[in-house]
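S.K.: Residues per chain, in single letters:
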Amino acid sequence: MDAKTSTPAAHAPHATGHHPSKFHTFVQIAMILSVITGIEIVIVYLPFAKWLVVSLLVVLSAVKFLLVIFYFMHLKWDKVFCTILFFIGLVLAMGTVAALLALFGAEASIPLSAAL
Amino acid sequence: MSHAGTIDHHHDATTSTGIPNKKLFMWAFLASDCMFFGALISTHLIYRLHSPPGSPVVSKIFSIELTSFSTFILLMSSLLMALAVNSLQKGLVKSTRHNLLGTIFFGLIFLGCQVYEFNHFVHEKDLTLSNSIFGSTFYTLTGTHGCHVAIGVLWLVLMYVRSFKPADPSRPWLARAFVHFFLFVITTVAGMATVLGLVHALHEHEPLVEFAGHNLLAIGTTIVGLTLLTWFGFSRQPVEFGEANAIDVESMGLYWHFVDIVWIVIFTVVYLLEYL
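Just so you know, the sequences run in chain order A and B. Just so we're aligned, residue 1 is where the first sequence starts under the working numbering, counting upward by one. Just so we're aligned, residue 117 is where the second sequence starts under the working numbering, counting upward by one.
Source of the hints: derived by calculation from the structure; they are not laboratory data. All the pointers check out, no bait thrown in.
In silico SDA-like links for lysine to any residue, alpha-carbon gap of 20 Å or less: (1) B/K176 - A/V44; (2) A/K76 - B/T133; (3) A/K76 - B/K206.
With the hints as extra help, turn the sequences into a complete structure.
M.R.: Here you go:
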């Protein structure tokens, strides 16, 4: 059953007050996301060590990712089960990517054509 | 219509989980879609890890300016989508419609950029789906993401048209909704053809008069379509759509934001890492 058919009693704690506006929060998050994207683009042209740039890009992307899912997708305000459900899929996906990269990144996995 | 601010949009005491079922379904679907994109991204990375001899120099193919612009557009569309959900949770239907239209517009810009990018890669950089492994994995990954965006835009349009459903069930609505929807689709296709034609004309230094002559049908259809859509949008009759439908818009929003977070990963992994 969705919210449309919910009984008023179910919403009693919220019936008397208005929800605080998230407008400013969303605009601020969008600005932060834009700034991070700008930083990412600049970073790849800076003369830093490759490992440092890759690490920074991964961290900045993770920050953007988390900001979107927790604020724009409302995980911050929703029940924690939604977060758990999504992270089950996310962890499985990241595990698959990591396992495949480790497997194919091993020396024995280098194709003969690429090694030439 | 319910009174604004009377519904708790984050908890539903009538379900065993306390979460609206539509939202729970969407989170479960997105979790599975994570694995789908995880497989596509890892395939692309594995083949980039061991590029076969003769692979193209990717940093000379990509246009960081265009991709950055697309990323910014998609981030801003996510903002508008979040604002659309926020508006409807307060019962503000008109504001919701404006934000939905903005999200559709930005989604279409993103798709237009992707069409331009693919066209540019195929015709000017000689990167096709089948002439290199990089081309195969790149087009499969970004094309699948583009399909997700296109489905999202279609869903947004359907939700926008639905927001005009009259509160009075005796008023005919289905035929009007079909006309509204197809008008939206035809205008969108004609509009995109016009814009892409204009970009091509500017790129080729073609005179604008010549461009207008070649694209008269598309330009005319776009103008007529936009006029009719504006007329459809000025409906003042009471509508059924309201705060109780916020869960529908929120579920759609979850999908749209997911498309955005997938692009955040693709932008870093597929595009930015090539410049190192």
